[in-house]
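Peer 1: When the letters of the sequence shown are read in order and numbered with my numbering, they come out as residues 114 to 256.
It is worth saying that the hints were derived from the structure and are not from the lab.
Just to be clear, a hint being listed does not mean it is correct.
Calculated cross-link-like contacts (lysine to any residue; reagent style SDA-like; alpha-carbon spacing at most 20 Å) [claimed, not checked]:
no.: 1; residue 1: Lys153; residue 2: Met242
no.: 2; residue 1: Lys216; residue 2: Trp131
no.: 3; residue 1: Lys220; residue 2: Ile147
no.: 4; residue 1: Lys220; residue 2: Gly235
Since the model is a prediction, treat every value here as computed from it, not as a measurement.
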Amino acid sequence: MGSVFQSFQEGFPTFLIWTGTAGLMLILAVAIYILLTPWKELALVRGGNGTAGLALSGAIVGLAIPLASCLASSVSLPDLLLWGIVSLILQLLAYRFTDLLLKDLPKRIQADEAGAAIVLIGTKLASAMLLAAGLWDPALQRF
114 MGSVFQSFQE GFPTFLIWTG TAGLMLILAV AIYILLTPWK ELALVRGGNG
164 TAGLALSGAI VGLAIPLASC LASSVSLPDL LLWGIVSLIL QLLAYRFTDL
214 LLKDLPKRIQ ADEAGAAIVL IGTKLASAML LAAGLWDPAL QRF
């Protein structure tokens, strides 16, 4: 039983640093996402717009998925930072591309149309899963 506690004692600080780093990266990416979107999710959510809440929640989860993949397969903290930043930039670009393709979405989300949020969530989660699969390295060997 002593080896379990010793392992925990040695590994817990690393866990906190790595997970904390990923968490800070996610918070930063969400802030950037909120600034890039053509509608103001937080104001809409505060005003009772459930569709905006759904869209923002889907975006947050969509940003977290590739970042979680990086966290799971990184071999060092610099590796996590590098691939995490790459994954978040690519995901933000995919989001922006989606927003541009679905031009009427901002108006539909502002009008609280759930169908628009469902399409947005689906496309953002799909791109997140594809990106996460490309980033994940089960052998912990970067290409």
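Peer 1: Are the hints correct? Go through all of them and say.
Peer 2: Status of each hint after checking the structure:
1. Lys153 / Met242: 25 Å, violated
2. Lys216 / Trp131: 38 Å, violated
3. Lys220 / Ile147: With Cα atoms ~16 Å apart, Lys220 and Ile147 stay inside 20 Å; holds.
4. Lys220 / Gly235: 18 Å, holds
The structure shown violates the earlier hints numbered 1, 2.
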